[in-house]
Amino acid sequence: MPTPEEELTWLNAARKGDHSAFERIVNAHSRRIASTVKGMLGDTAEAEDVGQEVFITFYRFMDRFRGESSLGTFLTRIAINLSLNQIKRNRRFLGRFGSSPEQELEQRPARVESPETVLQKEKIRRAIRSLPAKFRSVIVLRLIQEYSTEETAAILKLPLGTVQSRLARAQQKLRSILVPGSGGKHE
Amino acid sequence: MSKKMKKLLYRSFDSPLSVKERLLLENTLNSDGALRKERDRISELRRTAVEADFPAFTPDFTRKVMTRIMGLPDTIAASPELFYTSLAGGFRRLAWAGALAVAVMVTLHLLLADSLALENAWLLPDLSIQELLELTLF
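These protein sequences, in sequence, are chains A and B. Take the first sequence: its position 62, counted from the start at 1, is 62 in the numbering used here, and no numbers get skipped. Residues are numbered in the numbering used here as their position in the second sequence, beginning at 1, plus a constant of 187.
Just chain A, with the same shape it has in the complex (with noise of 0.2 Å):
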């Protein structure tokens, strides 16, 4: 990962309009982008489209960003905000017409790692997936990205305790799928 300074320089440089600079940035956060929307929307090529806006949302209104918050804090907060209003504009489209274009994409193919893995990798991310967009998104940004509880509440900019609890009822939930029986409820 670059440091903060290099960071900076990369992001005055992108300012300026040196698109190398830019890409540097894309390729430094890439990762953790893929991460929480894909936590978010699943590995889909809607999650891959979404991961795509982000960047250029922030290509966008780059000045805009003050390094109050790191910059792959700001990215994700992105993220997740433009997850939201996917899963938001899925919803609608699930209502309309019975059936969302996430489940309509056919999944990419897993990479090369023994089955067992593979199958207990997919479990939990169909786990996470199928909790409401409340909890995934702490459930994501906690456990996943592994923020502070502090950080992400600042991320979803929810109270600390909205946070706490909405993670407590997160791993009831996801418990209860991945253990059928456990006695959590599963809205």
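Read the hints as simulated data drawn from the structure, not as lab findings. We put the CB at the ideal spot given by N, CA and C, even for glycine. What you were told as hints is all true, and nothing was included just to trick you.
Derived DSSO-like pairs: lysine-lysine, alpha-carbon spacing no greater than 30 Å straight-line: (1) A:LYS121 / B:LYS193; (2) B:LYS190 / A:LYS123; (3) B:LYS224 / A:LYS121; (4) A:LYS157 / B:LYS190; (5) A:LYS121 / B:LYS194.
Just a few of them, taken from the derived set where beta-carbon distance is under 7 Å, the chain A residues facing chain B: (6) GLU23; (7) VAL26; (8) GLN52; (9) PHE55; (10) THR149.
We have chain A already, so just place chain B on it with the hints.
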């Protein structure tokens, strides 16, 4: 396993507990097997969630982003959204400057006047409505 302790247990994974809360949780964990099981299940769940390992974007992701960026208007300032944003910013500055000028003017008038009457603040003539109406008639 009480609801309160379960809540405390969940919170302990994500935020620091006070000394009192920590002691209470430790003591209850020592005596409550169900709570211990719940702790182990949550630890396992969190470890598993980290392993979800969402895959990276396709290898040509950066190229696609850069191609789309190259297709954007030449200068960032040419974007209509940014133009309107900067226009709004300009108006905001103008409004602040105007408000400041009015405040300075009102303060100055009040300092120079004999009393704190509203007429003095705006340098209005000290006339009654009747007098004002008569003045406009002529």
